[in-house]
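Undergrad: Take these sequences, add in the hints, and give me the full structure.
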Amino acid sequence: MGRQVFTVDDTTKLPPQGVLDALDKVIGGTALAGIRHSKVTTDGTDQTSVLLAELTALLADGGGSLLLPEGTVRLDGQIDLPFTLDSTGAPVQAPLTIIGTGAWASGRGSSIAQTPVGGTQLDLRYAGTGAAKVLTRGFGRLTIRGVTFTDLGVSSVPFFKTTNTTVDIQGNAFIGNPSKRNQQCDQDAIILGGSTTPTGGDFDTTDNGPFQGYGSIVAGNWFNRVRRVVFGQTYCNGVTVRDNTVWQACGSNLTDGACIEFNSGTTANSVFGNVITGNLIEVGAYPYGIKLDQAQDNTVAANNFYDQSGTTIAYIYAASGAAKYNHFSLGYGYIGGTWPGGVHVKEAVAGTNTIVNAAAGVSQHVGSHTFLTGMRTAAAVNRGAGAPEVIFGTATTAAGIYTGAGAPEGNITAPTGSLYLRTSGDYGTTVYVKEAGDAATTGWVPLGPYAATALTRRTSAYTMTTLDRTIVFDSAAGATVTLLDPATAPVGRPVTVKNVNATSMTVATAGTSKTIDGAATVALAQWQTCTVVSDGTNWLRV
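Numbered by my numbering, the letters in the sequence shown go through residues 446 to 987 in order.
Because the hints were derived from the structure by calculation, they are not lab data.
Pairs of lysine-lysine, DSBU-like flavour, derived with a Cα cap of 30 angstroms:
1. 769 with 791
2. 791 with 625
3. 959 with 943
Label-pair distances were calculated between CB atoms; the ranges are:
4. 861 with 742: 35 to 41 angstroms
5. 881 with 849: 15 to 21 angstroms
6. 772 with 531: 33 to 39 angstroms
7. 795 with 489: 53 to 59 angstroms
Note that the coordinates shown come from a computational prediction; the quantities given were computed from them, not determined experimentally. Backbone N, C-alpha and C fix where the C-beta goes; we use that ideal spot for every residue, glycine too.
TA: Here it is as structure tokens:
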């Protein structure tokens, strides 16, 4: 009969640290190696020295994972991760993973003033003159999961500043100064990158360095009461910012501020190859949702913007002529049938970037049950699962697809070139094309081999129009029906003239020296028919 040797932590599913250390010595090199339970407490006292000592020990051992406890850990000092210098003098840092028990998020409106509840919370109260509350500057990798970063010390010092280090920050929360919200926000969450040259050689006297680690990821995080959720600076390249939620108390105290900004400052053309996608951004307290300056060859696509206000100038802003060769796509955040101030993407120099779904159009998806209605009204709809994308203009600028139970002629306003699907299917046709009339209700013509053609009935002299298919003539005066000039008539489309009156009538043609089967006119007795097609030069009877 066995007996219990130790218990497993319910949250981390790992044995106690003493057991892990023992196993590490016996079977070093396994997945258990380098895993440590943090000894920080949640009793409200400053734990800066404890946490720094644990991180320093892990880095000295070649890296590893630090498991943080549930509850709020108070940190009054700056967390400046140590690094060493390699043989070339470059700062290097062992791979480090920090894991909490979960990050807080709330979609409630009252959450803008709430204190986070549950999970692991690091209360970063550092308010000194350093660049950020947490600094990481060595070439290496830092991974953070399941942690809520708060600032109950109500300072404006940014949460993170990283240089050189490749960071993987996913599934966390950043809840800023509770005394400021919206346009008052002056605290940045994550700053990536630094200046072109380090000062002091070994980085001891500055947080600036030449490169932000390639392959950095900021994804799936929750932000509230902060200014810039990500601020990419000089040589911030190859970074992915995706699927983050920017909640309603976020905003900017800057006149041209943005939620996400990549800006290399005075160093031109040094921010490349970044991807910003899938983020949900409440833009009501921001002039811009996403801003690029001195940044090239970046992709900004499929971000969702909502709750714009009078503060909102544009969703995406290319702030200088050096912000060029970027690809911008709104995604599916079309709000209330309008763009903010009529602008989707604002460019300091027009035409320097590739823009998809600009203000003249809207993206629709055929997988949506409201697809056809959306095409008619140019209102954005949600994308159906796996559905292909179809891009049209708005209801007044480009052709669209329309539906209805009756005939469209005189009823449906649409631009020339539009299609109409007649859902009742009567009168032998279900499809019409808008051949004329600009944005008026006229000019709809049946389409297809079995389409019924509209009858034009006339009792006096008449000149054909491009919409005529069958002209029924009934005049006792024996007047003339004049066909279009065959040079301007639709080539190959049949037109029929039938005389139903006892008096003979004449079919003639417009155009100088134009003929009908070589003759200037054709006479039709009662019940006779003349069907002709244009070959582009003259009319031919068929």
